[in-house]
Structure formats: C-alpha cells, structure tokens
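Given these sequences and hints, build the entire structure.
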Amino acid sequence: MTTQAKLVCKHLWKLYGNIPSQMMDSQYFPPTDNELEKFGVIGAVKHASLEIQDGEIFVIMGLSGSGKSTLVRLLSGLIEPSVGEIFIDGQDMLKMSEKELIEIRRHKMGMVFQHFALLPHLSVLQNVAFPLSIQGQSKSEAEGRALEVIELVGLKGREDYFPRELSGGQQQRVGIARSLAVEPELWFLDEPFSALDPLIRREMQDEFLRLQAMLKKTIVFITHDFDEAIRLADRIAIMKDGAIIQVATPEELVMNPASDYVGEFTKHISRAKVISAGSVMGNAKDGKGAEISQRAKIVDVAAQVVAANSPLKVVDENGTVIGSLDAKTVIDILVQQGG
Amino acid sequence: MDARVLEQRKSLALWLGLFALTWFFARFGASISEALGMEWLISYPKEWIIPLNDKVSALMKWLVEDVHFILFSFTDMTRALAWLIEQPYYFVRALLATGFEQGVGRRAVQIVPPLSWLTILAGVIALGHYAKDWFLAAIVGLSFAYLAIFGQWESAMVTLASVVVAVPIGVIGGLLLGILAYRHPRFDRIMTPVLDLMQTIPIFAYLVPILFMFGFGPVSALVATVIYAMPPMVRITAMALKAVDPEIKDFGVMSGCTRSQMTWRILVPSALSSLMVGVNQVIMLSLNMVIIASMIGAGGLGFDVLSSLRRLNIGGGFEAGIAIVILAIAIDRLSQAFAVRSSQIHPAPQGSNIFKRHPRSTLVALVLIVALIVGRFVPAFQTYPDEMTLTTGAFWSDGVKYLNINYFDVFEAVKIFFLTWFLLPIKRFFLNIPWPWFIVVITIIGWKFGGWKLALMNGVMTLFIASTGMWEKAMVTVYLCGASVIIASAIGIPLGVLAAINQRAGRVIGVVIDTLQTLPSFVYLIPVVMLFRIGDFTAMIAIVLYALVPAVRYAAHGVKSVSPDLIEAGIVSGCTKRQILTRIRLPLALPEILLGINQTIMLALSMLVITALVGTRDLGQEVYIALTKADTGRGLVAGFAIAFIAIMADRIINASAKNARIRFGLEAKND
Ligand SMILES: Nc1ncnc2c1ncn2[C@@H]1O[C@H](COP(=O)(O)OP(=O)(O)O)[C@@H](O)[C@H]1O
Ligand SMILES: [Mg+2]
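If you read the sequences in order, they're chains A and B.
Letter by letter, the first sequence follows residues 1 to 339 of our numbering.
Letter by letter, the second sequence follows residues 1001 to 1671 of our numbering.
Take the hints with a grain of salt, since some may be wrong.
Below, a list of computed lysine-lysine pairs in the PhoX-like style, where the Cα atoms sit at most 25 angstroms apart [what the hints assert, rightly or not]:
hint, chain 1, residue 1, chain 2, residue 2
1, A, K108, B, K1249
2, B, K1249, A, K95
3, A, K139, B, K1249
4, B, K1427, B, K1415
5, A, K313, A, K267
Hints listed in this document are in silico derivations from the structure and should not be mistaken for laboratory results.
As structure tokens, then:
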C-alpha cells in the first residue's frame, strides 16, 4: 500500500468481566470462545484488525450486542483495549498522553450519538458552539462558526430553540452540526439514525451523503440495519459476537458472502441495486449499440439492456470497451438468482 | 417445593422457640438468677463497666489543650474556623435582624439599622413570583406578613440568618465532596459508611464535641447545622453525577473536555435538576437543625420554643412553634419552586436596554430602594410597630386551659390506658430480659438474616452497649422506640394503603404528609406536652407524629407500584377487591413496607433525644445531660449506642426486605 491508511487497528481485543490474569499471558492468549465462556469473560471485541482509508465511508454492521459500539469506542479512544494497537495517521494512539489525546479529540475527531447526547440546558446555537468554546475560542468566534454549520445541516432559524423543542430528526441534525463544528478529519457515527422513524431515517441518510460529498471526511459509521449499510458504505465490516467476519464493498458482500451468516443478510437485498455492470459482464467484447459504464448498477441499465436485441458494450472510465452485458444475466439478477 | 415448606416450618419453629425462651427469661429470669446467686445476669455489674466515657473525655481534652501542629495548635485551628464562619453569619444577622452596631455589649450603638420588614417582605414576594407565580408570591408574602403581625419577626430573622449562612456552606461543601466521591471510587467507599454513621448518630451526640471545641454560641450551632445538613447533598451529588446519560459523558470526552470542564460544563449542568432536590434537602435539614441548635446558642425561634417549654409557657410555645411551621412551609415551597424552575427552559431575555430586559428586577429594585428610604424616615416602615402586633398566646393558653379543665379526665384516662396496657408491659419485658441472653438473641437474628457478618456485628455492638454501662438506658430506648414504631406502623401503613387505592384520600393524605415532613422535629413536642404533660406517653406521641411519614409513604408507593399485569391477572382469575388487596398487593408491597418501617425506626431514634426534654430515661436523656454538662465522653458514648441500635435495626430490616424480594422473585439471589 502506498498511501498510509487514516485509521488502523491491529488485533484489537476488549474483554469485560473478571479476567483471570493467566488468560492474558502470551502463552495462553488468545483465548477461545469456550475459554471465555468458562471464565465468564465477555469478549466484546475479539481480534479486530481494520484499515480505514482517508475519505471513505466505512460502515460497521452487526446485530445488537455484536460489539459495534465497543469497537467504535476503542477506535475513538473512549476506552482502552485489553490487547491491540491503534494508529491514527500513523501515530500510536495508546502511547499518547492525556494532553495529546485531548488535542486530537478537539481538532481531529467528531462523534455523533444514537440518542443525540445534546446538552439539555443549552440552546441549539450553544450546543453547536460548545466544542469550540471548550477549546477556548471566544464566544463570537465560536458562535459565528456554529451558525455556519447550523445552516449547513438546514437548521437555520432555529438557533435559539432548545433541544427538547425539536423533533428527533432535527435533534440529530444538531448533533451532526455539533460534531462538524470543529472540522474533524475523522467522523464517528454510532447508529446515528436508529432512533428515528423510517421516513426521517431515509431523509437523513440522503442528507448525510450530501454532506459527505462536500466534506470528504473519513467516516466510521455504525449501524444494525443492513439496508442502511449498503446504501451508505464504501466498505462494510460485518461483526458477530465481537469478531469481524467479513470486510468488503457492498457488492462483494452480495456477490460472495463469506459465510451463511452474511448470506442471511444479503438474501433480502435487492441485488440489482448493488451489483454493477462490470462485475457480471461477459468477457467477450462483442457488444453492440449503446455503451454502459462498468460502474452502473444493474437496476439503472436493466431496461436498456433488456430492450436491446443483442448484448451491450461495457466500458471503463476511459471509454475502453472491457466486456459485454446480455439480457439473460440482467434478468437473472432482477429475479434474484445466480450471480 | 416440599423442601421449601420444610425450611419455612423450621425457621418458624426457631422464631417461636426463641420468643418463648425470651419471654420465659423475662418473666422468671430475675427470680432464677437470684436463686442461683447470679444477679449479674439481670443487671450488668458496675465493676465490669469499661470507663470509656472518661477515656473519650480525656482524649478530647488532650486534643483541645495539648495538640500542636507544627505552626499552630488545635485550638488555633478551631478558632480560625470559627472566625471564618462568624463573619458571614454576623453580617447576615445584622442585615436581617439586629442591624450593624459599633461597640460591644451594652454600650453598642446601632449605626445602620437592619433591612426594614417591608423591604424583606417585598424581596420574598418578588422571589416567589420569580420562582413560580403570583400564587407562590402570595403564600410567601402572607407567611412573612404573619411573622411580622404576630410579633415573631426578629426571632424568625435570626433563624433565617442561620439558614442563609448554613445553606451555601452545606450545598457547596456537599457538592464538592460529592464530586470527589464520583471521581474517586475509593474515596466513595470511605465516604459512604461515614455518611451512614453521620445520619444515624443522633444530632445531639455531635453537638457535644462541637460545643467543646467551639464553645456555646452561634458558631457551634452553625457547624452542627452544616454537618447535619450536608450528607444528603453529598449523596445526591454523587448519585446524580453517576446518573448522567453515558452518551453525554462520552460526548464530553470526545469534545476534548479537561477534567474540570467535564465536571463544571457537562456533568453539573446536566444533573442540575437532581442537584436542586439536594439543595432543597439541605435547606430543610438546616432549618430543622437550626431550631434544635438553639440549645447551644443559635437563638431565634428555636430558643423561644425551648424557653417556653422550660417555663411551661403554653401560649409562647405555641406562637413560636407556629411561626416555625410557617417559616418552614414558606422556605420549602420557595426552594421547591426554584428546583422545578431550574429544570425548565428560560430563553434569554430580549430588549434594547437592561431595564427592558429585566422589567421585574427593575421594579423590585425600585420597590426595595423606596422601602429602604421610607424606612429611614417613617419608623413604622422600618420596624413593624409593636402596638400593631397581635398575640395569640392568650388564646392558646386559654384553649389548653379549657381542654385541661373540661377534658382532664379523658386525657388522663387515655394516657393511663396506654401506659398500663401497652407501654409498661413492653418496658417491663425488655428491662427484665437477662442481658447475656438478649445479646445471644440479637446475634442469632443477625445470623439468620444476614449470615455470620451481621451476627458478628450485632454481637459486638450489643456487647459495646452492655460493657459501657448503657444497658438499662438502651433497653428503655428500645422499648420507647419499639412501642412508637408499632403505633406509627399501625396508623401509617393502613393510611398508606388507603392513599394508594383511593385517589381522593391519596391527595388529602399527600398534603398532610408533605406538611408533617417539612416541620422541624421540635414542633411536635409543643401541643403534646401541653395536653399530656411530661413522661413516656408524651414522648411516644411526639415520636409517632414525627416518624409516621415514611410508614405512609413507603406503603403507598409499594402498593401503587405492584405491576398492573399482576392485578389484571388477579381480576381475571376472579379475585374480589379484597382478595386483590390481601393476596396480591399487600404481599408484593411487603419489601417496600419493611423499608418504610426501617425509615420510621431511624426517625424515631433521632427523635428520642429531643423527647429527652420531656423527661424520658433513655439514651437520649444521657446525651441531653451530657450536653448540658458539656461532658464529651458521656455524650459520644451514648450517641454511639443509639447509632448502633439504629445500624442493627437498619441492617436486619434491609436483609429481611431483601429476602422478601427474593421470595417474590423481584430480585435475583446473589451477593
Ligand atoms: N462496560 C461494559 N461492561 C460489560 N460488558 C459490556 C460493557 N460494554 C459492552 N459490554 C458487552 O459487550 C457486548 C457488546 O456490546 P456493544 O458493543 O454495546 O454492542 P452493540 O453496540 O453492537 O449493540 C455486549 O454483550 C455487552 O453486554
Ligand atoms: Mg451499540
């Protein structure tokens, strides 16, 4: 790899409960699941290794209790791992002093919480300005910047409202604005939309994608909703019982689930929305008629391909023909077979 | 199932056996031990008493007279502390009550008068409106007007001055200790038992050493008040900070808060509404204690009650007592309104200049200034004119006289009935139990309910009481307290159940209970003494009145919080209303009811010392005598004996409440 990953963790473990000291000895480590159970130790995160690239949306997906929150709390330095290493921009986070950590949190990280975690005694404006005033910025400076982000998330005009006067969706907009106020490079979101109604949730997802298109943050996004993961992710890590069982792009997940467990999630996903032309095309370069981009999702080109009498050309970014797509393949995917 | 029934039968047999044996010993123990020539079984021999009193007194004396730290002595330290507390106190007292004086003693001349009564009246009315609404303003205003019109103004202001000084010290001290306990679990672990002890040792017991260190006067009273009123603030602070939403704490860390930013900008503001409950508690406890502390020189309304009680001045006692009640209610309502207010949203005021932004403050300031100026020139506005005060003293005296003349026989009959059929038999029973046997019984009870740890604790504590020569007085304490708790439960629990199942009754009972709870413990003595004169029966009634509240509250809460599903299940299976109450609600509410009784016992024990004023012969009397003689050792040892009784009762009842909860599956069985 030529570029350095933004956030890296290596064989990260977080154990809860009364941990027998022998368990941590190198000769016995790592413990098996049976051993953990025998000693009543909870393996909230087990052997997690990840590399999160600059500017990507990295989604961590898993059912409730699978250790997602624990992992994101480890990555953001809220808790310390039992074993393992974390690097942020190549710096070892566990070796940092309290002061350095505070600096990093003040300038490099932002976090959005499931239940918003707004301070009830402060107005919207004061809430958003809070992280800035913690850093010692003057009131006018902090509120000036706060107004900008409030406008960015579409809450202009509600600066003087208090959190409890806002709807859930609006409260989370405040949470988002507040986490963006310090212009963080790393943005952690722990189930930010799970407490919202489905319609609002979709709206917020669109809003989130819009913001990311503008801001290009490095994002760690937690969700238990596979649809949401598919919709937002550049890459997804699937967690089960504290372990990461697959890391892949949404398309790879759907095409090649690593286990039946992952397959259960992907089964109900409309595959046409995930699979792109490039990954199912035939190798023959005999296509005729219109060109389709290899990145186009099947759902978007299906009508075109089916309507044509013969396979269509598939091209890469430079317009070079790299394969062809026929109607049968597309129809199979639309009725959710094979692939 | 069979095994469980067997188990239950076995323990029932054990209790019956123990009781029968105890009764047997109480009845015949005296004659048996006499026959055997072992009188020491009945009354603990004087030669065996460990002279702990003298040792503690000597230690105290040494502390005050001989201890020197490197640069200063212990006495220097207490003097400095006293000075620190004195300054704000004298200032506030001068402001509210006495005015600023120059010179000392009789030659003192007033150079600046205190705030006029009109100014203070206007001030509290404005506070009432600011905290809630005009209704509260009216209540508070009328209360203070009452104090002026009925001639209690000056005493009430002295009392208020103590409260005004003690409360901020208690609140800030409690807040800081609470934060410390929250931040350092180890400190919390040390702090919790100390707080437990502070709340179970009767107030008077620590009045004695304080008196010894700070001398008779308002400073001692203030120190005692702060010590008494602070513990709940510490507890509530630690609890409220722990209860702050963990996400909000995470947010604080993630925005890069330093520790102090975390405390003061995240935790304390988020917990504000709970903290205000603590502030209300500090205020009410301070008021209660300031009244009691009049015994060591706090002056004010408490002193008026005390001196009236001593002179059997019926009217004076009632007047001052009612003034206390009114002041307490006004302060309580005001501080509760502030607590509620602090959890509401208040948008920043809008307006072009400071007067438009704060119209009320401007108005109040104007009124205050006018009142101040007018007061300087028109004496009636400065000090409420004496010739316009009303006195109810004669009314109360006559009323009581009338009752005593016309119904003397009735009162006497009631009193004698209770004494002969209830109090005296219980007293005789406890006093006749041979002390070694009683120690054994208490130890066995501890072992049955809480395992060997509780057994050991009970054994050691009862032995302490015996070996310091407190046995007889402790038994009188147990008897008096036990009898009062029985009566209080017999009245309180049914009332609580009624309040829970009948809404209208619930509202009425709620108001009565709230009011009873705001009254300082002193107040209960006044009417009872007037009607029944002094003695155990009077003490019992006063204790019952004071200790009734938790019995009602917990019973009501317990019955109310039985899961509605269970009640519906009962209705569906055809229970009558009565069966639902007796088969479902009451058994499930039992643990809660037990906790209520526990609180009742605690309050009863703390009231004992106050009833010592009416001539009981128990540990409370011991502390009271120690107080009047400033005998530190005697006071502390008796105080610890009361605290031990309280702690044993507390642990035993808590353990049995826990057992009951486990039996009903409301709590998992673990340790
Ligand atoms: N502070 C803690 N103490 C003990 N166990 C914990 C703690 N935090 C999390 N766990 C356990 O770790 C597991 C993973 O929890 P979490 O990370 O919150 O899951 P998720 O966010 O995926 O729902 C759960 O079994 C949870 O009970
Ligand atoms: Mg979670």
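Here is what the structure says about each hint:
1. At most 25 angstroms may separate the alpha-carbon atoms for a hinted pair to count; K108 (chain A) and K1249 (chain B) meet this at roughly 19 angstroms.
2. Between K1249 (chain B) and K95 (chain A) the CA atoms are separated by roughly 23 angstroms; this keeps the pair inside 25 angstroms, and the hint holds.
3. For the hint linking K139 (chain A) to K1249 (chain B), the alpha-carbon distance of about 23 angstroms falls within 25 angstroms, and the restraint holds.
4. Between the alpha carbons of K1427 (chain B) and K1415 (chain B) the distance comes to roughly 15 angstroms, so the proposed pair stays at or under 25 angstroms and holds.
5. Under the criterion of a C-alpha separation no larger than 25 angstroms, the hint pairing K313 (chain A) with K267 (chain A) is inconsistent with the structure, at around 29 angstroms.
Violated hint for the displayed structure: number 5, the only one.
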